[in-house]
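Enquirer: Make the full structure from the sequences, and use the hints.
Just remember that this note's numbering sits 42 ahead of the position in the sequence shown, which is counted from 1.
Treat the hints loosely; a few may be bogus.
As the list claims (entries may be wrong) - 30 Å max Cα-Cα, derived DSS-like pairs, lysine-lysine:
no., residue 1, residue 2
1, Lys643, Lys455
2, Lys447, Lys643
3, Lys573, Lys679
Don't read these hints as lab results, they were simulated from the structure.
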Amino acid sequence: MTATSRKRRASSHIYGLDGLRALAIIGVTFFHMFPQTIKGGYLGVSLFFVVSGYLLALTSERRSQQGTWRILPYYLKRIQRIYPGLLIMLFVTVGVYFFLIPQAIGGIRPELRSIIFGYNNWWQIAQNADYFTRITNASPFTPMWFLGIEMQFYLIWPLLFGIFTRLSDGKSDRAGLGFILALTLISAVLTPVLYRPGSDVTRLYYGTDTRIYGLLFGVLLGMLQNRGMIPVLRKQTARRIALPLTAGAIIITLAAYIKMDGQRAFAYRGGMLLMTLLFGVLLILVTDSRLPVGKWLEIQPLLWIGKNSYEIYLWQYPVIFLFMYKRWGENPVMPVLEIILILLLAAWLHWLTDIILNRRIPSSVRYTENRGRIAFYISAMLSVFLFTTGVAGAALAPAEKFAQKDELEQRLKDNQKMLEETQNGNGADGTGAPAGSGTASSSDTDGVQTEPGSTKPVSEMDLLYADSSLTNAADVSTEGVLMIGDSIMLDSSPAIKEQLPDCYIDAVQSRQLVNSVDVAQDLINEGYLNKTVVISLGTNGPIQEDDARDILDVFGPDVSVFWVNLFGRTVTWEKESNQLLLDLRNDYPNLTVIDWASLIKVHDEWLWEDGEHPNPEGSEVFATLIRESIEVCAANKGNTNTAVTNTGNTDTTDANIAGTTDTVNTDTGNTDTVDINTIDN
Numbered sequence: 043m044t045a046t047s048r049k050r051r052a053s054s055h056i057y058g059l060d061g062l063r064a065l066a067i068i069g070v071t072f073f074h075m076f077p078q079t080i081k082g083g084y085l086g087v088s089l090f091f092v093v094s095g096y097l098l099a100l101t102s103e104r105r106s107q108q109g110t111w112r113i114l115p116y117y118l119k120r121i122q123r124i125y126p127g128l129l130i131m132l133f134v135t136v137g138v139y140f141f142l143i144p145q146a147i148g149g150i151r152p153e154l155r156s157i158i159f160g161y162n163n164w165w166q167i168a169q170n171a172d173y174f175t176r177i178t179n180a181s182p183f184t185p186m187w188f189l190g191i192e193m194q195f196y197l198i199w200p201l202l203f204g205i206f207t208r209l210s211d212g213k214s215d216r217a218g219l220g221f222i223l224a225l226t227l228i229s230a231v232l233t234p235v236l237y238r239p240g241s242d243v244t245r246l247y248y249g250t251d252t253r254i255y256g257l258l259f260g261v262l263l264g265m266l267q268n269r270g271m272i273p274v275l276r277k278q279t280a281r282r283i284a285l286p287l288t289a290g291a292i293i294i295t296l297a298a299y300i301k302m303d304g305q306r307a308f309a310y311r312g313g314m315l316l317m318t319l320l321f322g323v324l325l326i327l328v329t330d331s332r333l334p335v336g337k338w339l340e341i342q343p344l345l346w347i348g349k350n351s352y353e354i355y356l357w358q359y360p361v362i363f364l365f366m367y368k369r370w371g372e373n374p375v376m377p378v379l380e381i382i383l384i385l386l387l388a389a390w391l392h393w394l395t396d397i398i399l400n401r402r403i404p405s406s407v408r409y410t411e412n413r414g415r416i417a418f419y420i421s422a423m424l425s426v427f428l429f430t431t432g433v434a435g436a437a438l439a440p441a442e443k444f445a446q447k448d449e450l451e452q453r454l455k456d457n458q459k460m461l462e463e464t465q466n467g468n469g470a471d472g473t474g475a476p477a478g479s480g481t482a483s484s485s486d487t488d489g490v491q492t493e494p495g496s497t498k499p500v501s502e503m504d505l506l507y508a509d510s511s512l513t514n515a516a517d518v519s520t521e522g523v524l525m526i527g528d529s530i531m532l533d534s535s536p537a538i539k540e541q542l543p544d545c546y547i548d549a550v551q552s553r554q555l556v557n558s559v560d561v562a563q564d565l566i567n568e569g570y571l572n573k574t575v576v577i578s579l580g581t582n583g584p585i586q587e588d589d590a591r592d593i594l595d596v597f598g599p600d601v602s603v604f605w606v607n608l609f610g611r612t613v614t615w616e617k618e619s620n621q622l623l624l625d626l627r628n629d630y631p632n633l634t635v636i637d638w639a640s641l642i643k644v645h646d647e648w649l650w651e652d653g654e655h656p657n658p659e660g661s662e663v664f665a666t667l668i669r670e671s672i673e674v675c676a677a678n679k680g681n682t683n684t685a686v687t688n689t690g691n692t693d694t695t696d697a698n699i700a701g702t703t704d705t706v707n708t709d710t711g712n713t714d715t716v717d718i719n720t721i722d723n
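Expert: Here it is in structure tokens:
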């Protein structure tokens with residue numbers, strides 16, 4: 043690079059943008075790793091939207107003014123920026139998964155096509171429309187939905203830019219700017235207008251039309267700034283308030299990363315829009331050449347993270363998904379190893395794509411010692427091997443990820459029909475009698491009597507799975523038990539009915555806790571509540587403390603509540619939600635946590651291929667665990683020192699060994715659901 047070109051590049055460099063990218067990618071990465079702690083980290087996507095739109099407008103306008111803007115070079119630059127790293131990441135990931143978790147790449151071909159051709163967000167919307175497709179399509183490539191939105195925007199940008207240019211007459215840009223502003227406002231109001239509490243927000247969150255306002259807002263800022271149309275303060279005043287304004291914006295951003303829960307209505311009724319406006323203010327502060335804000339953000343390691351943000355974005359979820367699926371995250375040091383691995387892979391990918399685009403081996407390799415050259419060629423051969431394996435693995439992978447999907451779907455339908463037919467009365471036994479009215483039948487399963495007053499002492503029980511030290515402060519009864527759950531309970535309902543014949547089961551697929559408080563109140567009003575309730579909720583959405591307290595308060599302190607904790611190979615909120623249930627026992631002594639997670643995690647043979655729902659054998663175990671837990675608490679009435687269930691010795695696969703535990707040894711991972719794009723312009 044000549045001295046003249048270096049000066050030209052330095053003069054066009056905008057300080058601080060890499061720092062903003064770093065702020066965005068840090069939020070999103072930690073959101074994927076700790077979704078119940080960094081609840082609002084997904085907001086980093088909005089920051090990336092604004093930065094991407096801003097750079098796109100700025101570069102397009104400058105080249106247009108210089109007479110060098112052309113459609114073909116524009117598309118070529120986008121392709122060069124996006125595809126080398128993307129294709130390497132996709133097929134190397136498939137190659138690694140081919141050896142480590144081959145079941146995860148089943149049915150991968152449609153997803154790969156949607157990513158490569160830029161419509162992954164719409165593909166995921168279509169998958170999410172069907173419950174059974176959604177639960178079986180957890181993927182290391184879920185975050186690629188955002189890349190799809192960016193690719194679609196890049197595709198239509200020449201048209202939008204052409205309309206803007208045509209509307210601007212050279213003397214006044216009001217018509218062109220008004221056109222961009224109108225598109226921005228239309229997109230911005232779609233989500234608040236279309237949002238419905240309790241409904242699935244996938245369409246709103248992933249939709250191009252409902253999310254493109256962030257990109258358009260960035261475009262608008264770039265165009266206004268390029269024309270000097272953004273109101274500015276006097277230089278002295280601006281410098282005086284630059285630091286507190288910037289610090290305040292960053293503090294609000296970090297607070298939102300922690301607090302703005304994407305499961306709550308506020309995020310969709312204006313929360314994300316307000317944060318987008320804040321990011322616009324931060325962008326203006328950073329890009330104002332009169333202020334030192336941009337240079338403040340040009341510090342290491344923010345500068346390095348920002349320059350490698352696209353590569354970090356590509357690699358973060360394949361790594362997080364792998365750790366989650368293999369349950370490596372149970373070790374406290376594993377999150378640190380995840381971060382290190384993500385950064386190493388990002389650096390490697392940045393280096394490799396630079397070699398591909400420049401078509402030459404770096405001088406640092408050519409002139410290094412033999413060991414350096416050997417390491418380079420070994421890594422190159424390994425990359426080619428994994429890439430080739432990934433291509434072959436994608437071609438040879440099974441057409442479906444979950445071959446048993448139809449069988450499970452039919453089972454749930456049959457179980458729902460069975461419950462409707464046997465529980466169509468006004469009481470828990472389906473005969474029209476209220477719960478606990480005396481019409482309930484007794485159960486004698488595995489020699490344990492469930493009639494009032496006849497429960498054996500715990501020392502005489504032949505327990506298979508339940509912890510013998512379980513207790514509950516409220517009265518406990520195996521008669522007329524009220525069951526509230528999602529598809530996990532629905533899947534096991536025939537086995538539950540066999541072991542607790544007079545229970546009343548209200549379980550439907552896709553049910554979330556946030557929508558279940560009213561369900562519980564209605565069941566109470568209709569007379570289905572006796573003394574004991576079993577809840578099995580949390581697989582379809584994180585257990586939030588407010589929602590959990592609400593449903594516990596509905597039942598009150600005199601009802602014994604048994605909550606089956608959650609398990610899922612790809613349920614990213616499992617660990618935090620299960621810990622929350624344990625913590626709630628401090629305020630609710632009538633709450634007993636049934637530790638299904640610790641039992642099932644070492645028994646894949648009890649699960650369907652989706653890694654969540656118990657198969658027929660697992661359903662028997664699920665039902666037995668619930669019944670035994672209730673019976674143990676009934677026998678231990680009066681001992682309130684603990685309320686946690688341990689389902690066995692988790693150091694062995696022998697489920698017949700009972701033990702005790704104070705924690706739930708589960709693991710966490712990703713992301714579903716939201717992600718970012720960090721592409722330069």
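Enquirer: Taken at face value, is the distance from the CA of Lys679 to the CA of Lys573 at most 30 Å?
Expert: holds, 13 Å
Enquirer: Checking one constraint from the list: CA of Lys447 to CA of Lys643, max 30 Å. Satisfied?
Expert: holds, 21 Å
Enquirer: Lys643 and Lys455: Cα distance at most 30 Å?
Expert: This hinted pair holds, its Cα atoms lying about 26 Å apart.
Violated hints for the displayed structure: none, as all numbered hints are satisfied.
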